[in-house]
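Engineer: Let's have the full structure, built from the sequences with the hints guiding it.
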Amino acid sequence: MTVPVQISLAVNGERVDAQVLPRLNLADFLREHLQLTGTHVGCEHGVCGACTVRVNGEIVRSCLMLAVQTHGTSVQTIEGLSDSGEISDLQAAFRDRNALQCGFCTPGMLMAAQDWLKQGAAPDRQRIREHLSGNYCRCTGYQAIIDAVETTARARMGRKS
Amino acid sequence: MKASAFSYARATSVGNALELLAAHGDKAKVLSGGQSLMPAMNLRLISPELIVDIGELAELRGIAVAGNVVKIGALTRHVDLLRSPEVAAHAPLLTEATAHIAHPAIRNRGTIGGSLAHADPASELPACMVALNATIIVRGQDGERRIAAEDFFTGIYETALSARELLVAVELPVARKNSAHFFHEFARRHGDYAVVGLAAQAIMAGDSFADLRLVFFAAADRPVLARAANKLVDVTITPATLAGASMALGEQLDPLDDQQASASMRRHLAKVLMVRCVSLLLGRADLNAGGPV
Numbered sequence: 001m002t003v004p005v006q007i008s009l010a011v012n013g014e015r016v017d018a019q020v021l022p023r024l025n026l027a028d029f030l031r032e033h034l035q036l037t038g039t040h041v042g043c044e045h046g047v048c049g050a051c052t053v054r055v056n057g058e059i060v061r062s063c064l065m066l067a068v069q070t071h072g073t074s075v076q077t078i079e080g081l082s083d084s085g086e087i088s089d090l091q092a093a094f095r096d097r098n099a100l101q102c103g104f105c106t107p108g109m110l111m112a113a114q115d116w117l118k119q120g121a122a123p124d125r126q127r128i129r130e131h132l133s134g135n136y137c138r139c140t141g142y143q144a145i146i147d148a149v150e151t152t153a154r155a156r157m158g159r160k161s
Numbered sequence: 162m163k164a165s166a167f168s169y170a171r172a173t174s175v176g177n178a179l180e181l182l183a184a185h186g187d188k189a190k191v192l193s194g195g196q197s198l199m200p201a202m203n204l205r206l207i208s209p210e211l212i213v214d215i216g217e218l219a220e221l222r223g224i225a226v227a228g229n230v231v232k233i234g235a236l237t238r239h240v241d242l243l244r245s246p247e248v249a250a251h252a253p254l255l256t257e258a259t260a261h262i263a264h265p266a267i268r269n270r271g272t273i274g275g276s277l278a279h280a281d282p283a284s285e286l287p288a289c290m291v292a293l294n295a296t297i298i299v300r301g302q303d304g305e306r307r308i309a310a311e312d313f314f315t316g317i318y319e320t321a322l323s324a325r326e327l328l329v330a331v332e333l334p335v336a337r338k339n340s341a342h343f344f345h346e347f348a349r350r351h352g353d354y355a356v357v358g359l360a361a362q363a364i365m366a367g368d369s370f371a372d373l374r375l376v377f378f379a380a381a382d383r384p385v386l387a388r389a390a391n392k393l394v395d396v397t398i399t400p401a402t403l404a405g406a407s408m409a410l411g412e413q414l415d416p417l418d419d420q421q422a423s424a425s426m427r428r429h430l431a432k433v434l435m436v437r438c439v440s441l442l443l444g445r446a447d448l449n450a451g452g453p454v
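Line by line, the protein sequences are chains A and B.
Under the numbering used here, read the first sequence as residues 1 to 161, first letter to last.
Under the numbering used here, read the second sequence as residues 162 to 454, first letter to last.
Please keep in mind that the hints were generated in silico from the structure rather than gathered at the bench.
Remember, it's a predicted structure, so these values are computed and weren't measured experimentally.
Glycine included, every Cβ here is placed at the ideal spot set by N, Cα and C.
There's no promise every hint is true.
Claimed, not checked - To list a few chain B residues with every Cβ distance to chain A over 12 Å, as calculated:
| no. | residue |
| --- | --- |
| 1 | Gln196 |
| 2 | Asn203 |
| 3 | Asp368 |
| 4 | Ala422 |
| 5 | Arg445 |
To be verified - If the Cβ cut is set under 7 Å, some of the chain A residues that face chain B in the computed set are:
| no. | residue |
| --- | --- |
| 6 | Asp17 |
| 7 | Gln19 |
| 8 | Pro22 |
| 9 | Val41 |
| 10 | Glu44 |
| 11 | Gly46 |
Structural biologist: Next comes the structure, spelled out in structure tokens:
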């Protein structure tokens with residue numbers, strides 16, 4: 001028998017209490033229960049990266065995590081990062097460099113890129129590629145995405161110094 | 162696809178997890194980081210009736226060095242291994258190998274215990290455990306068993322672990338003086354499943370090997386400790402000895418054919434890796450001049 005489980009977590013800083021079936025994954029919980037549809041569902045087995053979100057500050061695949069596993073955690077989605085302004089410079093660089101076309105991969109790509117950027121490492125295209133290697137894009141050919149992340153990294157370094 | 166319906170239990174202690182496993186046997190599956198289990202469930206390759214989530218068992222997490230042993234708890238994540246100064250100092254092979262496991266978002270969730278219990282023949286950690294002579298510690302309601310890594314992996318996704326036992330930790334001997342290691346895998350892209358790979362741990366004695374453990378992965382149904390390495394220990398290595406070892410390796414390996422590579426391509430690449438490894442560890446570029454025979 002499978003029965004709903006009570007969970008309590010923070011999503012983009014807001015407390016959420018819910019009853020969820022064990023089989024519900026975090027991506028579907030965010031999209032269908034909380035209407036946070038910025039998190040995209042592509043392959044549903046951890047390969048494409050479109051569903052990348054943050055749990056307790058670290059990026060994870062939300063299709064490979066059950067909603068019940070997020071009990072007591074803090075989840076941040078693309079809506080949270082976007083609304084707080086944390087990635088406004090990165091989003092602007094994506095627009096400037098045409099680093100998106102259909103936009104399906106973009107939320108996951110931004111999550112993964114920001115994860116690399118906030119480590120504060122020097123701009124290095126090879127490192128950026130490695131960090132984004134788990135995120136598929138079928139439009140851009142990746143060059144423009146790497147350009148946008150590199151540009152943002154340089155600008156942020158400039159601001160710090 | 163989505164996983165089919167299952168019941169869920171969040172284990173409150175190792176004892177509690179073992180009770181649940183004893184009661185449900187192979188109808189239950191242990192959920193650790195979920196980075197292999199969840200894809201298999203989403204693809205409906207498996208449909209367990211009960212998921213036993215051990216994610217909250219803090220006692221299974223962490224890396225400790227005591228005497229000549231590095232003990233790594235089953236719930237230690239790949240990212241923890243990668244960042245651990247203890248692992249870098251005492252088992253650098255493991256640090257290097259972990260960087261090849263999938264991608265950052267996967268490494269933030271995947272655990273060493275999960276990877277070993279899952280026993281994918283293409284994964285890096287099982288091969289490292291065999292190369293490093295690790296002991297795998299499993300617990301059941303009747304107590305603990307300590308299993309040599311070489312005996313632990315028994316086939317594709319098959320191990321010596323029973324459905325009523327929990328993998329709790331691994332123990333690695335601290336790398337000895339004069340140790341050296343080599344890790345390389347061929348993959349379509351960084352982070353993809355290896356086409357074939359090699360994890361090697363050696364003890365150097367001047368210009369030769371005092372010990373050499375060459376463990377190939379994605380080269381058979383489980384990690385393979387190459388018997389050919391015996392031909393390379395305590396001898397001065399010439400192109401001829403290496404060619405002999407290369408031939409012996411080819412005879413021992415029984416790789417699988419799949420959409421990534423044919424068996425003969427895997428056998429060839431394994432030989433390439435062995436030659437590169439020996440040449441690099443000995444600092445002998447001449448041994449790698451002609452490629453494998």
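Engineer: Indicate, hint by hint, whether the structure satisfies it.
Structural biologist: Evaluation of the provided hints:
Residue placement check: Gln196 (chain B) does not keep its beta carbon more than 12 Å from all beta carbons of chain A (closest about 6 Å). Separation of Asn203 (chain B) from chain A is inadequate, the least Cβ-Cβ distance of about 5 Å not exceeding the 12 Å criterion. Against the 12 Å criterion, Asp368 (chain B) stays outside the reach of chain A, whose nearest CB is about 34 Å from its own CB. No beta-carbon of chain A comes within 12 Å of the beta-carbon of Ala422 (chain B); the shortest separation is about 19 Å.
The claim that Arg445 (chain B) lies off the interface holds: its Cβ sits roughly 29 Å from the closest Cβ of chain A, which is beyond the 12 Å cut-off. Violation of the interface hint for Asp17 (chain A) is found here, the shortest Cβ-Cβ separation to chain B being roughly 17 Å, above the 7 Å cut-off. Proximity of Gln19 (chain A) to chain B is violated relative to the hint, the smallest CB-CB distance being about 13 Å (cut-off 7 Å). Given the 7 Å rule on beta carbons, the hint for Pro22 (chain A) holds: about 3 Å separates it from the nearest Cβ of chain B.
For Val41 (chain A), the suggested interface contact is broken, since its CB lies about 10 Å from the closest CB of chain B, more than 7 Å. Nearest Cβ of chain B to the Cβ of Glu44 (chain A): about 5 Å, under the 7 Å cut. The hint holds. Among the interface hints, the one on Gly46 (chain A) holds; its C-beta lies about 5 Å from the nearest C-beta in chain B, closer than the 7 Å criterion.
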